[in-house]
Each structure stands twice: as structure tokens, then as C-alpha cells.
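Colleague: Sequence:
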Amino acid sequence: MFKIIVELFFLVIIQAAITPFIRRLAFVLGAVDIPNKRRVNKQPMPTLGGLGIFVTFNIGVFILLREQFPTHEAFSILLGSSVIVLTGIIDDIMELKPRQKMFGIFIGALVIYFLAGIKMNVLNLPFVNKQINLGWWSLPITIFWILALTNAVDLIDGLDGLADGVSMISLITMGVVGYFFLHTGQLYIPIGCFMLAACLLGFLPYNFYPAKMFLGDTGALYIGFMIAIFSLKGLKNVTFISLLVPITILGVPITDTIYAMIRRKLNNRPVSQADKHHLHHQLMKMGLTHRQTVLTIYALSLIFSFISLLFLLSPAWGMWLLIAGLILALEIFVESIGLLGEKYKPLLALTQKFINSRSKKDPTVEVWHLGQEKPEQLKKHQKD
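By the count of full-length UniProt numbering, the sequence shown reaches residue 384 at its end, each step adding exactly one.
One thing to keep in mind: the hints can contain errors.
Claimed, not checked - Pairs of lysine-lysine residues, derived as DSS-like cross-links and limited to a Cα-Cα distance of at most 27 Å, are as follows: (1) K285 - K343; (2) K285 - K212; (3) K265 - K276; (4) K276 - K353; (5) K353 - K343.
Stated by the list, open to error - Here are the computed distance ranges between Cβ atoms for each label pair: (6) L321 - L86: 27 to 33 Å; (7) L310 - L110: 18 to 24 Å; (8) P205 - E95: 36 to 42 Å; (9) K285 - I247: 36 to 42 Å; (10) K3 - P98: 29 to 35 Å; (11) N268 - R66: 32 to 38 Å.
Honestly, the hints are just simulated from the structure, not real lab data.
Quick reminder that beta carbons are idealized off the backbone N, C-alpha and C, glycines included.
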């Protein structure tokens, strides 16, 4: 275990050392993010940061910690993730259409399903001890899972260091859960989570505000894709709790993605159309600075991670209480910051209506001198 910890620190150093070279390559290839009305950056910024993370992670898999990973699966994941990285590089240079990006992710997901054999096969229902074989549903459910998580991380990549830090927190939590709780017998899955988190830590000094380099779609798509794969390995025989934990760990990007889709539907806009009403945009509109917004979302991600650990430690009744409390708190938070728009605040409006109905105006009070007769208004009020 000590050797693994040393190798993880070495990965951080390799990532920090390789990033300046990837930065120069980005300028050479023209992978530069030009400021526009949808961007937060004020000057051209090199992307392709994910290429360095991809290279460093695979140095760890095929050189530093080679004995930890099964050969066939390692090469299959390399092939699938290469498709994702290539898609991201092309998008960073030429800016692909959403459908074209989705097609690239779809091809990578097919490689993972058929070649790597990483898929959802069985669903174990809680409390009734019933097992459902997914059969042919295994393919669409697995593909959907990979597409959803990959795009969730991509959508949250809107501020310096945001996707990097949130993903790092999620990966560390997944590694802890995989090592201490799931007991799948596959130690290389939590090790892989910690390795990718180490790569992100090495890149963070270049990506945190004020950034010197962006992850780009190369990085956001690759990180989301790998998180989807790692979570799938723990979901091969899906239980309710093993399905709930990674969803909760990734609560920030998943919440932002779901509410973005709902918001665009409510406004009769295409789901794939970008806007400036994401979580980080709304927090900045409230007056938070760039750095404060990122740190706030880091804190939210830590809260989600902590709740995911509570799921694993709670009895059944406690788990349902946590779910109810989480949904309620999430809805209040979403309405408070206007994630679906200023007009959509049903829960807050209902709460305010209830408070108003319970509050009563103070009765009119008139003062009289001792020995004098009470005013007629108070006499009447007293009779009533």
C-alpha cells in the first residue's frame, strides 16, 4: 500500500511537469478558448488540459502501477477513452456540434460495453430480496449511464478549477467507498479513482483561478467518461444503495445537468443549447466572486460526498430520511438561487403562503385611564 501511495504522489509531480508542454501544444494546434458572451474568461486561454491528464493517468496504469490492472480491461479502457479524447481534441480545435460530440461518446461507450465488458447486468431490489436480470436492457442502460455522467462533468466545466476540483472530490470519495465499503474484490477500481484524482491535483495549480490553462472538452469529457466507468464497475450487479451512492457523490454536476434540461424545456429551447443560467452563473449573479463561487461549489460537492457515506452507514429507515431531507434541501436551494428562473419557486411560495396564513395582525389596542369605562370597541371584542 505504501508503494501505491508513493506512486500517487509521483503522478501528481508528473502531471505538474507535463502540463506546460501540453499548454504550448495547445497554442500550436490552435486549441484556444476565445472569449465571447457565453465565456467567463476575458482573454484567449489554451485548452487541451485533458490531454495531459490522459497521458499521465495511462503512465500510471501501464508503467507505475502496471501489476494492479488486468491487461485486457486496461487496453479496452485505453481504446474507449482514446475515442473520447480524440473527440475532445477535435472539439477544442474546431468546436463540434452537440450531436457530433454525443456520437463520439456513444462510440467510446460501445467499446466499453462490448470490448471491456463493463456493463450493468442485474438489478437487486431493496427490502424484497428480488433480483432482476436486465437482459437486453443492459445495453441501453449502460450507454445512457456513460452518456449522462460524461455530459454532466462537461456541463459543469464553466469556471476556472470548477470541474477539476469537483471531479477530484468525487473520485476520492468513490475511491474511499470502493476500498472500505463495496468489497467487490477489485482493488484496482479504487486505485484507479485515486490515480485520476492525483492527476487532477497535479493539474489544479494551472487551472484554479486565475487559470493558465483550461481542461477543455478534452479534459471534461475524459474525466466524466472515466468516472462513469469507475462507477459502473461497482454497479455490475446493481443494488439500490450502490446505484444511489455514485449519483449522490456526483450530486453537483448531475443536479446542474438535470435542472439545465428542465430549464430549457420550460423556456421552449433545445436541450443541447448552451445558456448562462448554470449553478455557477447563478451564484455569481448573487454577488459571489469567481473564486468564492468555485469554493462554494467545492463545499456543496463535499456535502454530497459526506451524505453518500452516510447512506452506507445508515439503516434502511435512516436512508429514506436522508433521501427525503436531501430532496427537500436541494429543491429549496435550487429555488433560492433561481436555477430554473425567478418565477419558478413553488416550494418557497407555498412556504411563504403558509407563514402568511398563520400570522395575524395585532388587534387594535386603545388605552384608557384607570377608573374610566372601557371603549365600546374593546367591550365588543371581549364579548366576541
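Colleague: List in ascending order the numbers of the hints, as given earlier, that are violated by the structure.
Modeller: Violated hints: 4, 6, 7, 8, 9, 10 and 11; rest satisfied.
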